[in-house]
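Participant: The residues making up each chain are set out below.
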Amino acid sequence: MQGLSGTAKIELRDLTKSYPSRHGEVLALDHVDLSVAPGEFVSIVGPSGCGKSTLLYVLGGFLPASGAALIDGDRVTAPGADRGIVFQEYALFPWLTVRDNINYGLDIKGMKRAERDALAQRYIDMIGLTGFENRYPRELSGGMKQRVALARTLAYDPEILLLDEPFGALDAQTREIMQDELLRIWQGMRKTVLMVTHDVTEAVYLSQRVCVMSGRPGRIVREFTVDIDRSVGREAVMLSERFGAIRNQVWLAVRQQVVAAAPAGGAPK
Amino acid sequence: MTARAASLLRFAPVALFLVLWQGVSTSGLVDRSFLPSVSSVVTAFVDLASGGEIAGNLVISAFRSFAGLALATVVGVALGIAMAMFRRVDGFFGPLVATTYSLPKSALVPLFLLWFGIGSATDITTVFLACLLPILVHAYHGVREVPRVLIWSAETMGATRTSVFFRVLLPGAQYSIYTGIRIALGFSFVLTVSAEMIAATDGIGKLLFMYGENGAYAYMFAALAALIAVAYLADRGLVALIRRLLRWHEQAAHEGRA
Chain A
1 MQGLSGTAKI
11 ELRDLTKSYP
21 SRHGEVLALD
31 HVDLSVAPGE
41 FVSIVGPSGC
51 GKSTLLYVLG
61 GFLPASGAAL
71 IDGDRVTAPG
81 ADRGIVFQEY
91 ALFPWLTVRD
101 NINYGLDIKG
111 MKRAERDALA
121 QRYIDMIGLT
131 GFENRYPREL
141 SGGMKQRVAL
151 ARTLAYDPEI
161 LLLDEPFGAL
171 DAQTREIMQD
181 ELLRIWQGMR
191 KTVLMVTHDV
201 TEAVYLSQRV
211 CVMSGRPGRI
221 VREFTVDIDR
231 SVGREAVMLS
241 ERFGAIRNQV
251 WLAVRQQVVA
261 AAPAGGAPK
Chain B
1 MTARAASLLR
11 FAPVALFLVL
21 WQGVSTSGLV
31 DRSFLPSVSS
41 VVTAFVDLAS
51 GGEIAGNLVI
61 SAFRSFAGLA
71 LATVVGVALG
81 IAMAMFRRVD
91 GFFGPLVATT
101 YSLPKSALVP
111 LFLLWFGIGS
121 ATDITTVFLA
131 CLLPILVHAY
141 HGVREVPRVL
151 IWSAETMGAT
161 RTSVFFRVLL
171 PGAQYSIYTG
181 IRIALGFSFV
191 LTVSAEMIAA
201 TDGIGKLLFM
211 YGENGAYAYM
221 FAALAALIAV
231 AYLADRGLVA
241 LIRRLLRWHE
251 QAAHEGRA
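Top line first, the protein sequences correspond to chains A and B.
Residue 28 in this note's numbering is what sits at position 28 of the first sequence, and the numbering runs on without skipping anything.
Residue 242 in this note's numbering is what sits at position 242 of the second sequence, and the numbering runs on without skipping anything.
Chain A on its own, in the form it takes in the complex:
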């Protein structure tokens, strides 16, 4: 698949990334190839520390790497507003209120104040934080911060969403609510989404394609297509045989990677 042909929104070719460390070079990503079509929702799952986040940081333009990371066929060289990133640690500006955090990206875009406020309010209402506009992040729960981070990214309307374990810090109930919210948003806006997670159920529930990464150095070892009908609602999807079968396959593939990455048995000699 050629980036130049314009079919892929995101394309990684032979992406390799190593870090210098006290013990010499550590290979984080090892010849990763991946292609994501416009409007597609793809997840990457794998053992912790396998370089999943590094992959997003390279795509975000924050870290250099060898090989190629292409967006619309163009090489990524710097951060840009075409790619919206939601970080694991939310990365809200603690000195700005909920409204001003959401306004930040719109302001940089050059949007007028009145227009900006109206748009921010729409997102605040959407994420259910009406009445919390003037709160600072320290006054919010983890789930609320997560929703603000997502709203902030959606508000300035990037074509691509890069999500780094976006729901990792949430309790199980809030996580499900947020997943359904994300699914609804994606179905409505059809943005291209690349999500990194260690939650297999989450990956299968949300994405059209799930890529399994190996333990460090990270390589994509398996790929699963998730062809399920999501219009039937959460319960029906989660309880369906098809969903269960795919989930089990992905789980097994990840499990193999985790076992392979861990020292045998994990017991001391």
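Since the hints were made in silico from the structure, they are not lab data.
From the three backbone atoms N, C-alpha and C, an ideal C-beta is built for every residue, glycine too.
Watch out, some of these pointers could steer you wrong.
[Unchecked claim] Here are some chain A residues pointing at chain B (derived, C-beta under 10 Å): (1) Tyr57; (2) Ala81; (3) Phe87; (4) Tyr90; (5) Phe93; (6) Leu96; (7) Lys109; (8) Ala149; (9) Thr153; (10) Gly215; (11) Arg216; (12) Pro217; (13) Ile228.
Starting from the structure of chain A, add chain B where the hints point.
Facilitator: Chain B in isolation, oriented as in the chain A frame:
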């Protein structure tokens, strides 16, 4: 009402200390001429205050403290931030800061005395130098410790380098910068007095030195009490200002005790 009572109760240890002091002094445990009683210090204070001696010298000392602190804030914050952002600046000033950090600045007063003579220039230079390093080091770490995901967040929304500096690095470093200034504020009073004792014809330090030399300890303590009061109020004022400016900050919002 209860909040008011609680805040008054915080001064109970101070009151207890004063009572003990008065007790030790009147019991004759310590020679009266070496440890004047609290009541005689109060009398001396009233005497000095009514003569205008305290007010005049306090204004002079406070001016020297704040002038030195203000200069140190301007230079320290600018240099600290520059060091945090540019490797070359860090490479040049880093070793200088590290080697002079623990040097007692009051030891330099005789040297400044030779250069600038007796008076405010010597005192302010001493205060400036003593305040400079804590402010510089705090500004440096403040900028360095802004989480990289915040910078990345701004960049990914299209922020320019200048915008990242003013809207991410500066606000992110604020708390640390203010902490440096608060530490330096304490130093500024200490160093003003030390410098004035050696190199001044006026100021609270000179007053302390004079009364000490002449054995007028009640008057010495009275002058000291006036200085402590001003230093305390200045610190409270600064803390209140920081809390107001940093309402968003987790730690700053709960500050105010120590």
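Participant: For every hint, state whether the structure bears it out.
Facilitator: Cross-check of the supplied hints:
Satisfaction of the interface hint for A/Tyr57 is found here, the shortest Cβ-Cβ separation to chain B being roughly 8 Å, below the 10 Å cut-off. The restraint placing A/Ala81 at the interface with chain B holds, with a minimum CB-CB distance near 4 Å, inside the 10 Å limit. Because the beta carbon of A/Phe87 sits about 5 Å from the nearest beta carbon in chain B, less than 10 Å, this interface hint is met. Against a cut-off of 10 Å between C-beta atoms, the interface hint on A/Tyr90 holds, since the closest Cβ of chain B lies about 8 Å away.
Hint status for A/Phe93: holds, given a least beta-carbon distance of 6 Å to chain B, under 10 Å. A hinted interface residue such as A/Leu96 counts as satisfied when its beta carbon comes closer than 10 Å to some beta carbon of chain B; here the least separation is about 8 Å, so the hint holds. Look at A/Lys109: its Cβ gets to within about 7 Å of chain B, closer than 10 Å, so that hint holds up. Given the 10 Å rule on beta carbons, the hint for A/Ala149 holds: about 9 Å separates it from the nearest Cβ of chain B.
Given the 10 Å rule on beta carbons, the hint for A/Thr153 holds: about 8 Å separates it from the nearest Cβ of chain B. Proximity of A/Gly215 to chain B is violated relative to the hint, the smallest CB-CB distance being about 24 Å (cut-off 10 Å). Against a cut-off of 10 Å between C-beta atoms, the interface hint on A/Arg216 is violated, since the closest Cβ of chain B lies about 21 Å away. About 23 Å separates the beta-carbon of A/Pro217 from the nearest beta-carbon of chain B, more than 10 Å, and the hint is not met.
Against a cut-off of 10 Å between C-beta atoms, the interface hint on A/Ile228 is violated, since the closest Cβ of chain B lies about 32 Å away.
Going through the hint list in order, the structure does not satisfy hints 10, 11, 12 and 13.
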